[in-house]
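According to numbering that gives the first Met the number 0, the residues represented by the sequence shown are 0 to 462, in order.
Hints are computed from structural coordinates only; laboratory data are not their basis.
Incorrect hints may have been included.
[Said to hold, decoys possible] DSS-like, lysine-lysine: derived pairs with alpha carbons at most 27 angstroms apart:
{"id": "1", "residue 1": "K241", "residue 2": "K40"}
{"id": "2", "residue 1": "K331", "residue 2": "K358"}
{"id": "3", "residue 1": "K331", "residue 2": "K377"}
{"id": "4", "residue 1": "K326", "residue 2": "K241"}
{"id": "5", "residue 1": "K399", "residue 2": "K377"}
{"id": "6", "residue 1": "K377", "residue 2": "K461"}
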Amino acid sequence: MRLTTLSLALATTLGLSLPVVAATPLTATGADVVKPVGGNKATEFTSVEGITEFRLSNGLRVLLAPDASKPTTTVNITYMVGSRHENYGETGMAHLLEHLVFKGTPSLPGKTIVEEFARRGMRFNGTTFYDRTNYYETFAASDENLDWALKMEADRMVNSFIARSDLDSEMTVVRNEMESGENNPGTVLWQNMTATAFQWHNYGKSTIGARSDVENVKIDNLQGFYRTYYQPDNATLIVTGKFDAAKTLERIEQYFARIAKPARALPQLYTLDPVQDGAREVSVSRVGDSHLIGSLYHIAPGAHADATYAELVGFILGDTPTGRLHKALVDKKKAAGVNADSLALRDPGYLMFFANLNKTQSRDEAKKVLLSIVEGIKKEPITEAELKRAKTSILNEFDKALSNPVAFGVGLSEAVAQGDWRLYFLRRDRIEKAVLADVQKFAENYLMESNRTFGQFVPTEKP
Numbered sequence: 000m001r002l003t004t005l006s007l008a009l010a011t012t013l014g015l016s017l018p019v020v021a022a023t024p025l026t027a028t029g030a031d032v033v034k035p036v037g038g039n040k041a042t043e044f045t046s047v048e049g050i051t052e053f054r055l056s057n058g059l060r061v062l063l064a065p066d067a068s069k070p071t072t073t074v075n076i077t078y079m080v081g082s083r084h085e086n087y088g089e090t091g092m093a094h095l096l097e098h099l100v101f102k103g104t105p106s107l108p109g110k111t112i113v114e115e116f117a118r119r120g121m122r123f124n125g126t127t128f129y130d131r132t133n134y135y136e137t138f139a140a141s142d143e144n145l146d147w148a149l150k151m152e153a154d155r156m157v158n159s160f161i162a163r164s165d166l167d168s169e170m171t172v173v174r175n176e177m178e179s180g181e182n183n184p185g186t187v188l189w190q191n192m193t194a195t196a197f198q199w200h201n202y203g204k205s206t207i208g209a210r211s212d213v214e215n216v217k218i219d220n221l222q223g224f225y226r227t228y229y230q231p232d233n234a235t236l237i238v239t240g241k242f243d244a245a246k247t248l249e250r251i252e253q254y255f256a257r258i259a260k261p262a263r264a265l266p267q268l269y270t271l272d273p274v275q276d277g278a279r280e281v282s283v284s285r286v287g288d289s290h291l292i293g294s295l296y297h298i299a300p301g302a303h304a305d306a307t308y309a310e311l312v313g314f315i316l317g318d319t320p321t322g323r324l325h326k327a328l329v330d331k332k333k334a335a336g337v338n339a340d341s342l343a344l345r346d347p348g349y350l351m352f353f354a355n356l357n358k359t360q361s362r363d364e365a366k367k368v369l370l371s372i373v374e375g376i377k378k379e380p381i382t383e384a385e386l387k388r389a390k391t392s393i394l395n396e397f398d399k400a401l402s403n404p405v406a407f408g409v410g411l412s413e414a415v416a417q418g419d420w421r422l423y424f425l426r427r428d429r430i431e432k433a434v435l436a437d438v439q440k441f442a443e444n445y446l447m448e449s450n451r452t453f454g455q456f457v458p459t460e461k462p
């Protein structure tokens, strides 16, 4: 049942005006931290659209979304830490932790965690982005599998080794990821464009980090970062799919409520870029044969309605094959392909448009057309037909995600990172209710030259 007062409730909540490894566990994160605390029972906080939020006295937030029609269960834990939280010399630290948390605890040493995933037929992953790090495992629904997953996540929240030996052994994997990005023209251009657009905020730094920071990171610093952010009061546990809600809550209380709430206060981040006051441009030259151009525009935070309008405008302009850019560039042989992406983030994010060209196509001509389409939306207003098509497509994808426990859990995780899990449903409601005048107003206010960062990837024959 839809909560009709969701928009009002969220606006109030968010303040919107609109092998065994020989390693010694960290003293501060070992078993001595895991001890009974008062008030171990979870308190129900709110319930929206079949999802109930509970909170433990140590600050952990728990979302239970049972669906008996599904054959699987997904456990997802999201920590509110990403590259946005890294200081000077610390870039890539959140991503390094994501790798090391899979390296075990005293009770699950070495490769035991990954081996146990395989033995149980679990699909698993960990990802890091600007505002969050999340881990999830999906498995055939059973009480025993769920019990193990919950116990494991509670254990590695505070008891992970974060050992120098594990960091050294994992560095090859991290370097491979880094080199993969460095050899991808699209990734290189994207990172250079965000670095140009965000001159103060950490959204201008890549999640994987600077090579010099990653290769020289001190294990003490990494352990301190772990102790600060991998704590119950900085995490949201999400369980979706087939499970018994009452039994699951009891297990969560058993494993997680025993973790003490840390005495430390989380660092308060406040750095924001001022309003951009003129067009910026960046050009990257590398050996290769990829020709790419792109244009980036700052947008509002993910909790703001304008972030939803950005998604709609991104589809209207960047969809293949119905979007305006495809028709103007690809259909007319001025580009080989186009795409758009809007990033709804905790702080003001961005909307990007890209075109890739073959060797015979002109970058200058493609740039002229791309900018005329994107920034000429005032002269060529969005139509009702375009808006309807965008809404239908996005809402169809939303419905598909609801029926997939993995996608559903990940979607909730992203909303958590933006500030509130209920934004997941508020986004849908805003898309459904979006009117042409508001979407057009967004496009005119944001897609302008003074808010633009243009980028191009120019291939060369020699370094």
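Hint-by-hint comparison with the structure:
Restraint check for K241 and K40: the C-alpha separation of about 23 angstroms stays at or below 27 angstroms, so the hint holds. With a C-alpha separation of about 16 angstroms, the suggested pair K331 and K358 falls inside the 27 angstroms cut-off, and the hint holds. Taken as a hint, the K331 and K377 pair is honoured in the structure, with Cα atoms around 22 angstroms apart against an allowance of 27 angstroms. For the hint linking K326 to K241, the alpha-carbon distance of about 44 angstroms lies beyond 27 angstroms, and the restraint is violated.
Of the pairs offered as hints, the one joining K399 and K377 is violated, with about 33 angstroms between alpha carbons and a cut-off of 27 angstroms exceeded. Between K377 and K461 the alpha-carbon distance is near 42 angstroms, which puts this suggested pair outside the 27 angstroms criterion.
Going down the numbered hints, you'll see the structure goes against 4, 5, 6, while the others check out.
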